[in-house]
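With the hints as your guide, set chain B onto chain A.
Sequences listed follow chains A and B, in order. Numbering follows the working numbering, with no gaps: position 90 of the first sequence is 90. Numbering follows the working numbering, with no gaps: position 21 of the second sequence is 21.
Derived by calculation from the structure, the hints in this document are not laboratory data. We treat Cβ as the ideally placed atom computed from N, Cα and C, and that holds for glycine. You may find that some hints are simply not true.
Just the calculated beta-carbon pair ranges, DEER-fashion [unchecked claim]:
id, chain 1, residue 1, chain 2, residue 2, range
1, A, S52, B, T80, 36 to 44 Å
2, B, S70, A, N18, 44 to 52 Å
3, A, S12, B, T53, 44 to 52 Å
Here are the computed lysine-lysine pairs in the DSS-like style, where the Cα-Cα straight-line distance is at most 30 Å [said to hold, decoys possible]:
id, chain 1, residue 1, chain 2, residue 2
4, A, K68, A, K56
5, B, K13, A, K42
6, B, K13, B, K57
7, A, K71, B, K57
8, B, K57, A, K68
9, A, K56, A, K71
10, A, K56, A, K42
11, B, K57, A, K42
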Amino acid sequence: GESVGLHLPTLSVQEGDNSIINCAYSNSASDYFIWYKQESGKGPQFIIDIRSNMDKRQGQRVTVLLNKTVKHLSLQIAATQPGDSAVYFCAEILSYNTDKLIFGTGTRLQVFP
Amino acid sequence: KAGVTQTPRYLIKTRGQQVTLSCSPISGHRSVSWYQQTPGQGLQFLFEYFSETQRNKGNFPGRFSGRQFSNSRSEMNVSTLELGDSALYLCASSLGTGGTEAFFGQGTRLTVV
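Just chain A, with the same shape it has in the complex (with noise of 0.2 Å):
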């Protein structure tokens, strides 16, 4: 089916650790995968995506990991910032025909200093 789902609601982490976001997905036929941020208030924004060619993307302070043979996405964020807090989602696309995005229920983290 159509699912995308997170393993952790809410994520509490101290200012300066390391953060992974976990997420399962459900379609192993899924080509592309993308996080996604999302902010009090805001839309979500793009944080980092990966192909289903790929089992590893690094960006600036950001890293998501795939691991087909189980069907995990997780997003790393070394060096966690208050201004990391937010809500996470993590998305998947079925196909190279489409644009759709089918999302997971979303993970808090909360920054504590």
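For chain B alone, coordinates are given in the frame of chain A:
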């Protein structure tokens, strides 16, 4: 370049009324998708338009409709509003070639009373 623009930002409507929301995508983007975000259901796909044609449709009743114009701007309409239609409606803009980054607007907050 300008981002995705959604208007209006806030709306209050009465049950039974109808509403039209507008989305102007990023210049050069030909695909516009609409999503409904509620605390209980998360982010749910409504429909996707590409080159004035509906390319995909989510599982929403026929009261929800949309269209796209030749300049790629899109509108969505909800008729016979119900209390449960209260939500944040988000528009996403992308190139339209499939499996590409989608950029979101700030959303329209609709409250049905």
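Verification of the supplied hints:
For A/S52 paired with B/T80, a C-beta distance near 41 Å keeps the hint of 36 to 44 Å intact. A beta carbon spacing of about 48 Å between B/S70 and A/N18 agrees with the range 44 to 52 Å that was offered as a hint. Distance hint check: the CB atoms of A/S12 and B/T53 are about 45 Å apart, consistent with the given range 44 to 52 Å. A threshold of 30 Å between alpha carbons decides the hint, and for A/K68 with A/K56 the separation of about 11 Å falls inside it, so the pair holds.
Straight-line distance between C-alpha atoms of B/K13 and A/K42 comes to about 21 Å, which keeps the hinted pair within the 30 Å bound. Of the supplied pair hints, the one linking B/K13 and B/K57 holds, its CA atoms being roughly 25 Å apart against a limit of 30 Å. With a CA separation close to 25 Å, the supplied pair A/K71 and B/K57 stays within the 30 Å bound. Under the criterion of a C-alpha separation no larger than 30 Å, the hint pairing B/K57 with A/K68 is consistent with the structure, at around 27 Å.
Of the pairs offered as hints, the one joining A/K56 and A/K71 holds, with about 14 Å between alpha carbons and a cut-off of 30 Å not exceeded. The suggested pairing of A/K56 with A/K42 holds, with an alpha-carbon distance near 28 Å, which does not exceed 30 Å. Between B/K57 and A/K42, the direct Cα distance comes to roughly 24 Å. Compliance with the 30 Å bound is thereby established for this hinted pair.
Hint violations for this structure: none, all hints satisfied.
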